[in-house]
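Use the sequences and the hints to build the structure in full.
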Amino acid sequence: AQSVAQPEDQVNVAEGNPLTVKCTYSVSGNPYLFWYVQYPNRGLQFLLKYITGDNLVKGSYGFEAEFNKSQTSFHLKKPSALVSDSALYFCAVRDINYGQNFVFGPGTRLSVLP
Amino acid sequence: DTGVSQNPRHKITKRGQNVTFRCDPISEHNRLYWYRQTLGQGPEFLTYFQNEAQLEKSRLLSDRFSAERPKGSFSTLEIQRTEQGDSAMYLCASSLSYQGYNEQFFGPGTRLTVL
Numbered sequence: 001a002q003s004v005a006q007p008e009d010q011v012n013v014a015e016g017n018p019l020t021v022k023c024t025y026s027v028s029g030n031p032y033l034f035w036y037v038q039y040p041n042r043g044l045q046f047l048l049k050y051i052t053g054d055n056l057v058k059g060s061y062g063f064e065a066e067f068n069k070s071q072t073s074f075h076l077k078k079p080s081a082l083v084s085d086s087a088l089y090f091c092a093v094r095d096i097n098y099g100q101n102f103v104f105g106p107g108t109r110l111s112v113l114p
Numbered sequence: 115d116t117g118v119s120q121n122p123r124h125k126i127t128k129r130g131q132n133v134t135f136r137c138d139p140i141s142e143h144n145r146l147y148w149y150r151q152t153l154g155q156g157p158e159f160l161t162y163f164q165n166e167a168q169l170e171k172s173r174l175l176s177d178r179f180s181a182e183r184p185k186g187s188f189s190t191l192e193i194q195r196t197e198q199g200d201s202a203m204y205l206c207a208s209s210l211s212y213q214g215y216n217e218q219f220f221g222p223g224t225r226l227t228v229l
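Chains A and B are the protein sequences, given in the same order. Be aware that the first sequence starts at 1, since it is given in this note's numbering, and climbs by one per residue. Be aware that the second sequence starts at 115, since it is given in this note's numbering, and climbs by one per residue.
None of these hints come from the bench; they were simulated from the model. This one's a predicted model, so the numbers in the text were calculated from it and none came from an experiment. Check before you lean on any hint, since a few could be wrong.
Claimed, not checked - Covered stretches of chain B, going by a simulated chain A footprint (3 or more residues, C-beta under 8 Å): (1) 152–162; (2) 167–179; (3) 219–225.
Note that the Cβ used here is the ideal one computed from N, Cα and C, for glycine as well.
Right, dumping it as structure tokens:
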């Protein structure tokens, strides 16, 4: 079975500092990995995905994520945080051996302090 | 706005009543998904359609839940005899099916409160 863990419920970072939101996954086959962001009263917005190829993927709003197969991780990063990045972030995985659905992590609340 | 839309945005009902939610996906997307999200949790998969065919259902989808996508366009999710435990945000998403790894685009959700 597939699963996703986001070990931190909350991440606080000062504006202008780099940020990292952690994600680890478990699948039996090759993973497809995704990051989504959720703002209050809005739907989930796609940020980026890893399918194959380069382990460092770049996405929307200056975010990037690094796929690490040996550590089964897919951490989200941004070099310089903005106050407007404050939101709920979800990591998701799809195991191609287990159908079409995504399995989401529990979410990490990011607070960027001015 | 050409994104995924859901109606209603909020629904308050009494225990035992039936409710129906509607989702309109992005027009060219042939896959449509339903998820449930409770406070402090990530979305949990309920079911998905490819065109009008319902191809996968989660064990979370009890007999009181039924979903349809009759013409391969919009979809409805009905919950019969609602229970307080059904209170949650119900999310709809759509995607293209090309090679199966396209990202899903989510609607704003329907928040259900069962009193």
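Do the hints match the structure? See the list:
no.	hint	in the structure
1	152–162	holds (count 7)
2	167–179	holds (count 3)
3	219–225	holds (count 5)
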